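> Protein chains in written order, with this note's numbering: chain W, 21 to 455; chain L, 1323 to 1621.
Hint data in this document are derived by calculation from the structure and do not stem from the laboratory. Just so you know, these numbers come straight off a predicted model, no measurement behind them. No residue lacks a Cβ here, since even glycine has one placed at the ideal position from N, Cα and C. Errors might be hidden in some of the hints.
To be verified - Listed below are the simulated DSSO-like cross-link pairs for lysine-lysine, each with C-alpha atoms no more than 30 Å apart in a straight line:
hint, chain 1, residue 1, chain 2, residue 2
1, L, K1393, W, K250
2, L, K1393, W, K249
3, L, K1396, W, K96
4, W, K271, L, K1396
5, W, K439, L, K1393
6, W, K207, W, K308
7, W, K250, L, K1372
8, W, K271, W, K332
9, L, K1372, W, K249
10, L, K1375, W, K249
11, L, K1375, W, K446
Unchecked claim - Computed footprint of chain W on chain L, listed as stretches where at least three residues anywhere in the stretch have a Cβ under 8 Å from a Cβ of chain W:
hint, region
12, 1398–1409
13, 1429–1437
14, 1477–1487
15, 1574–1587
As the list claims (entries may be wrong) - Beyond 12 Å from chain L on every Cβ pair, some chain W residues (computed):
hint, residue
16, V164
17, I244
18, D247
19, Y396
20, E405
Here is how the chains run, residue by residue.
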Amino acid sequence: MKKAMWIYLIVMMALLMPLSAKGVPEVALDLSAPVKLTIWTHEDANRTKLEKQLISEFTAKNPNVTVDYQTYPSGKMRELLTVAFSANQGPDIFNQSQSVIRQFVVEGRTSALNPAWIGEKSLKAITDRYLPGALEAVEFEGGVYGMPLEYTNLSLFVNKQIFREAGLDAEKDYPKTWEDVMALSEKLVLRNGEIITRRGFDFRYPSYTMQFLPMVEQLGGQLISDDGKKAIIGDEAWLKFFEYMRQWGPKGKNLGGPTYVAPRTAFDLNKNEIAMSESGIYQMARMKSVNPTFYNSGDWMVVPYPQWADAKQEVAGAIACHYYLVNGQIPEAKQVWAWRLVDFMLSHSEDYLTQVNLVQPTYKLFASETFKAIPYSAVFVHDMERAELVYYDDISSAVNDKFKAAVEAAMLQGEDPAKVLVSFRKAVQDLIDQR
Amino acid sequence: MKYTGIEKRKARWGYVFVTPAVVLFLMFSLYPMLNALYNTFFNMKLLSLKPPKFVGLANYAYILTSEAFWKSMKATAIFTLGAFIPLTVFSLVLGLYITTRNRGQKALQLMLYTPAILSSVVAALIWMLIFDPRGLGNAFVNFLFQTPGINHNWLTDHIMLQISTITIYVWKYIGYFTIIYVTGIAKIPQSTLEAATIDGASAMQTVMRVIMPLLKPTTMMVSIVAMLNSLKSFSTQYLFTQRGAPLEPVNVVTLNIYNTAMRDLNISRACVMSFLLFFMMMVLTLVRMKSSERDVTVY
């Protein structure tokens, strides 16, 4: 009996051994097998229309490929991707900004692009397509892990009509400094008692490192030291910035706040609710689609990102770059098709520009007549030349949240900037030390 | 053959019937809880593919000495007390009011219960509109107190934001607890109430001396459930902070757990906070149950 049991156990172990064996025999890639690719991307009605059309063209040329294109609210994407990847269930293709995707790249969740997969001879042939620095956030240990979908910097949109009604000439009186922004906002704001019915200007609140960090950098401050070890450099710059935000909030001059309607949305609607807002080139396509009358009226203009009167260096609003990335945990054949689809879609950069006003940072596009013909493209390029990519790191997402909490403490709770600075420094230093 | 009595056979069927529930509990409740407890001893990062390192009690030491955690505990305590006390008291009052009405009982119950079936997300979005500076909240309060033009900063002021979240929670769940009280009151034997009337008890005396003591088990159940639900509250605070409200006043422990795991990607520290919250809820429940066991009234 015992002998039979031993034989049974040995046979079972022998049968189960292959399951625990490490390494898989190499198999040649079968690119003709049917492949279903899942894309997760953020909502943008104009872009969705274009990308669905491009996907149809791609699948018509490659009938073994089918694509499930899914859109989600942009604010939800980071959490969805984090949950999906932590369960090893990430989509095959996804897009996110540099601040979010860096942690996916660093943690080995994304696929390194093999140039041969998309018919290029070398990585240099790919990097040579793009403006310097545009691929920084997706470069890691000699590989390239993403391709840029949109390159967005913030410039200032001005409603000329509201300026006119306030006795101002927008062409001459538009704000050049942050001090001007506050002074003009005090002039243009309308209130019913304490309740604001029209804002002069308001910030783009969720984008803390994109919108606010350049303001601090203009004054000589830094978020993290050059060696990456110390949080918050240049206290004077930070204190001035937090004091400005305290003045902006309801407990200061009451000029706006994050619980009001998003400034760019209010600006496009042109219902006398805001005179100035910040956004990128893409905003013009949205304005054209939401309010074509206003878009065609000539009653708005775009001017450069303001600087402090006593700025130590000229820095424009940081550039957010959204990349398309491929899941590195899917079979290689699927990765090949995913990269081919991404490359195919992004090769239509002029379509993205003309139909969605999305700018890809390619030399080809920037030199094109199509780009030059976009209204105010020269203003955006002028600012881009003075800007860097939005801060990205494996902790950049978390740092953005700490920045948000610090600005809220000064602006909404009216906390002393010195106290805010102490808490903010500790929170960011904690994140640095955890790495 | 071994003898089996009818009781024993019945008990066997009992085991069969409870097995699915026990299996589901083990898989979806106990295992995740034990797994979370195990994770607290490692430095596990949500997206990392590297094996986590054993760090012993370092995560506990970090959390228990973290200022942010204790601020979260304070926010949780304020929210729980602010929500659980009115929920218990007002649902009892409404329960008594409904059961003493001759007409319109069902309509009142329906009206009160309706918010409970709304998803928390929808409820928060409705209230976001009400609390907008130009919304109904300011208009109503300013009309009531004849203070035109005052912005009550429902979503930006530290205290007002806490009041706003508590208001939504009480509005949403008061109907649910009222229905439980209505059921509890309906269970009180009619003969006991009639006896009180024959003995000359006034309405107030009947409520205070007969109904309230007999409602103790219901009150205990309502207070425990309301307290535990308040401690676990998350979605309103989450949505408000997503829409621009400041984090600190409403950074309850559940929201801190979520942000630590999903934003900071530090799943081990999130597990420590989850375990501490679980422990706190268990202790509070036991204390509440013990305090009610002492004076049970039976007629």
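> Run through the hints listed earlier and report the numbers of any the structure violates, in increasing order.
As far as the earlier hints go, 12, 13 are violated by this structure, in ascending order.
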